[in-house]
Amino acid sequence: MSDDPSNSETINTLPELLAHALAMETEAAERYGELADQMETHRKAAVAKIFRRLEQAEKEHLGELTEMCSKVDLPHIAPWDFKWRHNESPEVIDFTKVHYQLSVREAILLAFEHERKAAEFYAGIAQTTTDTEVQKLARQFAAEEQQHIGWLEAWLAECGPGDALATEDPDPPLCQE
Amino acid sequence: MESCAQKKKYAAKDYKSELKPIWCPGCGDYTVLNAITRALAELALPPEEVAVVSGIGCSSRIPAYTSVYGFHGVHGRALPVATGLKLARPDLTVLVTGGDGDGFSIGGNHFLHACRRNVDLTYIVMDNQVYGMTKGQASPTTAPDWEGSKLTPEGTGINPFQPLVVGLAAGANFIARVSSSDPINMAKIMVEAIRHPGFSLVQVLSPCVTFRPEQQEWRDTVRTAVVDYTDDAARAARRLMTDDGFNVGKVLYKGSRPPFRPEFENSNGSIAELEARFAL
Amino acid sequence: MTINSVSLVIAGSGGAGVVTAGSLLLDAAAKAGWYALMSRSSGPQIRGGEAAAMLRFATEPVMSLDDSFHLLMAIDWDNITRFSAEIPLTAASLIVGDPAHGEAPAGLLGNNPRQAAFPMSEIAGRIETGRPNMVALGAIAAMIGLPPEAMQAVVEDNLKRKGQAAIDASMAAFHAGFAAAAHLPAIPRLPAVATSSGPRWSITGNEATGLGVIRGGVRFVAAYPITPATEVLEWLAPSLAKVGGMLVQAEDELASINQIIGASYGGVPAMTATSGPGLSLMIESLGLAVAAEVPLVVVDVMRVGPSTGIATKSEQSDLNIAVYGLHGDAPHIVVAANSVSDCLFTTQWAVHLAEAMQAPALVLTDQAMGQARAILPKPAELAFIGQRLTATAAVEGERYKRYAMTGSGVSPMAIPGTPGLAHTADGLEHNEFGTPSSQASDHLAQMDKRSRKISQFNYGDHWADIEDSEVGAGDTAIITWGSSTGPAREALRRHAAAGGKARLISLRLIAPVQPEKMAVALNGIKRAVVVEQSHSGQFHRMLRAFYDLPAKTVSLHQGGPLAFGPNQILEQLNELNAGSA
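From first to last, the protein sequence lines are chains A, B and C. Residues are numbered in the working numbering as their position in the first sequence, beginning at 1, plus a constant of 131. Residues are numbered in the working numbering as their position in the second sequence, beginning at 1, plus a constant of 671. Residues are numbered in the working numbering as their position in the third sequence, beginning at 1, plus a constant of 64.
Everything labelled a hint here was simulated from the structure, so no lab data went into it. Mixed in with the good hints, there may be bad ones.
As the list claims (entries may be wrong) - Below, computed lysine to aspartate or glutamate pairings styled on DMTMM-like, alpha-carbon distance capped at 25 Å: (1) Lys-465/C <-> Glu-944/B; (2) Lys-684/B <-> Glu-140/A; (3) Lys-691/B <-> Glu-496/C; (4) Lys-821/B <-> Glu-308/A; (5) Lys-442/C <-> Glu-944/B; (6) Lys-684/B <-> Asp-168/A.
Construct the complete structure from the given sequences, taking the supplied hints into account.
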């Protein structure tokens with residue numbers, strides 16, 4: 132990454148945008164998958180299902196993106212040099228934000244927050260970039276994230292009121308090693 | 672910018688095994704595992720040339736969750752296992768992972784001498800100030816007035832162990848503290864720690880969501896250290912005097928002591944020469 | 065045939081040069097073409113403590129110290145009675161003391177030994193920088209038939225750095241002692257030996273132990289100093305460096321054992337040496353080596369226990385901890401050396417066994433053989449080299465199973481650096497992949513595998529040294545192990561000299577037990593004596609638990625530090641036979 136300050140807040144080339152998108156979608160797919168694994172390991176099927184559906188959605192997204200990137204020579208960007216700097220990519224839920232009694236509603240709200248951040252990231256690029264190609268693609272990506280947000284809104288509406296009560300565990304934690 | 676094909680041979684995912692962690696959702700250790708795999712990918716190390724060694728505890732489960740060579744030993748002895756491995760196989764990159772109890776209580780003596788000996792290892796300690804595997808007892812880094820354990824209902828009454836102070840005093844060659852609420856920077860510092868020759872100590876504030884749920888507030892308590900690293904141990908020591916344990920995200924100290932590596936007088940000798948000394 | 069030998073002790077307080085005198089005498093005996101064994105005893109002081117060098121010379125290999133000494137050469141009497149139990153004297157023994165230091169203490173005179181005065185300090189005083197210990201050596205040489213030329217050569221070697229004047233002064237004192245000894249009463253003399261008795265070595269048990277592991281392939285050692293194992297490490301440190309290996313001084317024994325686990329996991333054969341207290345600390349991690357299937361060798365140079373016990377003296381009392389000390393069911397290998405030279409064989413064999421079975425092998429030696437120096441026939445070259453079954457390439461489409469079920473129980477081990485075979489070795493119970501598992505089926509399958517590889521291994525004839533007396537095995541056996549084997553061998557010879565038949569069975573393989581081989585060895589045996597240096601008879605109890613012993617089996621056991629003398633075992637043998645005649 133260039134350290135030129137004029138270039139540090141936005142993205143002005145297609146390969147750079149694609150590198151960001153690829154990293155973000157890869158991490159999002161992996162993270163949703165890992166969260167689904169965690170919830171399955173802890174026998175939280177309903178929440179696991181939400182994360183698994185999101186993983187699938189991101190994987191589809193990722194598939195298209197990978198196809199798009201295959202003909203482009205992408206730059207290597209270190210994890211700390213992405214435009215989202217010193218943070219994980221916007222679409223990724225922080226591991227420490229979940230807990231094992233996470234309700235379906237909480238899971239959807241968490242995902243909602245990060246899908247929204249992802250959409251905002253692309254929208255921000257579209258607004259500030261000087262490159263029209265980049266602008267066009269960033270808008271397309273932002274729209275795709277909006278689609279995910281639409282799904283999450285629908286899932287949230289389907290969420291029953293009883294869900295929020297399922298947060299008590301009558302069994303104490305266990306001794307292991 | 673280097674092109675992808677030239678530089679990036681490995682993705683973080685390539686360093687993860689198929690085994691699913693048993694850690695509680697919300698545990699800081701997930702972030703550490705991710706930071707380790709990100710760091711290894713960034714260093715583009717072939718997985719077979721890396722080994723992760725651990726003792727016992729939640730965080731000591733990490734080796735099996737990676738796709739590199741791993742060794743999961745007994746409680747408190749990860750550092751000597753790693754020392755033997757690195758000395759016998761200097762071609763390997765050796766990481767050690769573990770918790771505060773494993774490293775600073777039962778393994779405390781090894782911690783001192785690993786810092787002193789300065790073998791080229793990277794020691795990542797996930798500090799959550801509690802024993803998670805045994806249901807939440809006080810650890811050496813627990814505050815003296817913490818009353819959350821039946822074992823010490825009135826608190827331990829003992830001042831907590833100071834890993835960085837002790838590490839510095841004992842001779843660690845690289846010292847940093849990071850927070851699991853800052854995953855990307857954690858990966859960056861791990862890359863530096865692995866690259867730095869000698870014994871590197873990385874303390875990770877890694878909350879225990881089950882036994883110390885209040886630690887989730889750490890994400891708001893921690894602050895990025897204001898100054899960059901020093902190569903002057905005395906200066907680092909002065910900084911630690913005013914440290915409250917929540918200055919994170921930067922390397923505190925980078926020393927230049929050469930790593931421990933025994934010298935051989937003549938490795939071309941034969942056993943017959945050794946035997947000749949016994950002959951009359 | 066009984067051995068034609070002479071036994072003597074040189075004793076004195078710190079600064080008297082007793083230990084040096086013993087070494088010089090041993091080296092001179094070697095030059096003269098004799099065989100010898102020397103052990104030492106000393107007080108607890110770091111410097112200046114009373115010390116005794118106990119030597120036995122013969123014209124054929126020496127297996128143990130004798131029941132008593134022909135000569136006690138006392139440079140002075142300071143605290144000598146501390147050793148009186150370790151210096152058995154008879155009416156035929158001779159005490160030679162310096163009148164300048166007064167009378168011999170009553171504690172030495174229980175059996176009425178002969179006494180003679182010999183003014184060592186006065187004779188030494190007539191020579192510039194002459195020392196009484198060299199005068200004593202001169203007298204000893206004259207009495208036992210050691211040619212002065214042999215001593216001349218040794219003194220020249222030893223004092224080369226101090227210059228010709230020092231050599232001359234020492235030899236002057238030696239010759240003065242040699243001449244003045246003419247009036248002393250006689251003790252047995254050895255004949256001069258033709259130097260064609262074959263190549264001989266001068267080596268201690270601890271050095272032989274070090275050489276054995278290097279021969280076996282060990283190239284990494286981590287250890288913490290402990291008496292009486294330290295000399296193993298002191299010999300290994302420079303020697304390993306010469307053959308491309310290394311020794312690391314660890315912070316404690318917990319670190320030693322875990323460092324060698326790490327090195328061995330990395331593919332480099334590894335060992336450590338310690339004594340009882342250190343072994344106690346290593347036990348948990350020995351279990352780790354069992355579970356994670358990491359080959360390694362731990363040598364325990366046994367000393368008197370429990371606790372710190374008597375650090376400088378010998379006992380065969382770590383058998384129980386070596387065999388049973390590990391928690392859980394933890395199949396491992398325990399072997400024991402039975403002489404100074406066997407330290408070499410047994411440790412080399414142990415490396416071979418550990419590597420072949422990917423398991424920890426404990427080697428029991430002890431202070432008596434470890435710190436003893438022997439002039440012995442050059443040990444044979446052995447073919448045992450540690451060879452580990454490794455996995456070298458990934459199989460397409462198959463995930464590597466570190467702990468794969470195999471007929472032998474040994475699974476090919478992938479060494480770090482091998483592409484496609486990365487795995488985690490684990491001390492937690494695991495499945496074939498090494499993934500932690502708490503399932504009964506995995507535990508039982510892995511237990512069976514770990515047990516199978518140890519129990520089904522072909523140990524060949526090395527499990528025991530079996531020797532029949534020259535007149536036949538008869539129906540009586542001596543069953544023993546370790547350091548007690550030397551005096552037992554000699555008891556067998558003395559028994560044969562009186563026409564007695566017997567078989568000696570000295571177990572080298574302590575665990576796993578070999579009941580079928582023992583049954584063959586005990587075929588036709590009706591009576592047995594079990595000999596061991598343990599207060600509680602640990603070996604006897606173990607034999608009782610695992611072997612069908614003859615109906616009439618008696619236990620001859622005593623706690624350390626006193627070693628058995630051959631006659632002590634012979635008497636037990638005679639008693640056993642008399643009772644059943």
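Check your understanding: Is it true that the CA of Lys-684/B sits at most 25 Å from the CA of Asp-168/A?
Key -> Measuring from Cα to Cα gives roughly 15 Å; hence the hint holds.
Review point. Holds or violated: are the alpha carbons of Lys-821/B and Glu-308/A at most 25 Å from each other?
Key: holds (18 Å)
Practice item. Quickly compare the C-alpha distance for Lys-465/C and Glu-944/B to 25 Å and report which way the hint goes. Key: violated (41 Å)
Review point. Does the structure keep Lys-691/B and Glu-496/C at a Cα separation of 25 Å or less?
Key: Holds, because 17 Å separates the two Cα atoms, which is no more than 25 Å.
Practice item. Would you mind confirming whether the straight-line C-alpha gap from Lys-684/B to Glu-140/A stays at or under 25 Å? Key: Violated - the C-alpha atoms of Glu-140/A and Lys-684/B are around 28 Å apart, more than 25 Å.
Exercise for review: Take the C-alpha atoms of Lys-442/C and Glu-944/B, compute the straight-line distance between them, and say whether it is at most 25 Å.
Suggested key: Status holds; Cα separation ~15 Å.
Hints 1, 2 from the list above are not met by this structure, while the remaining hints are.
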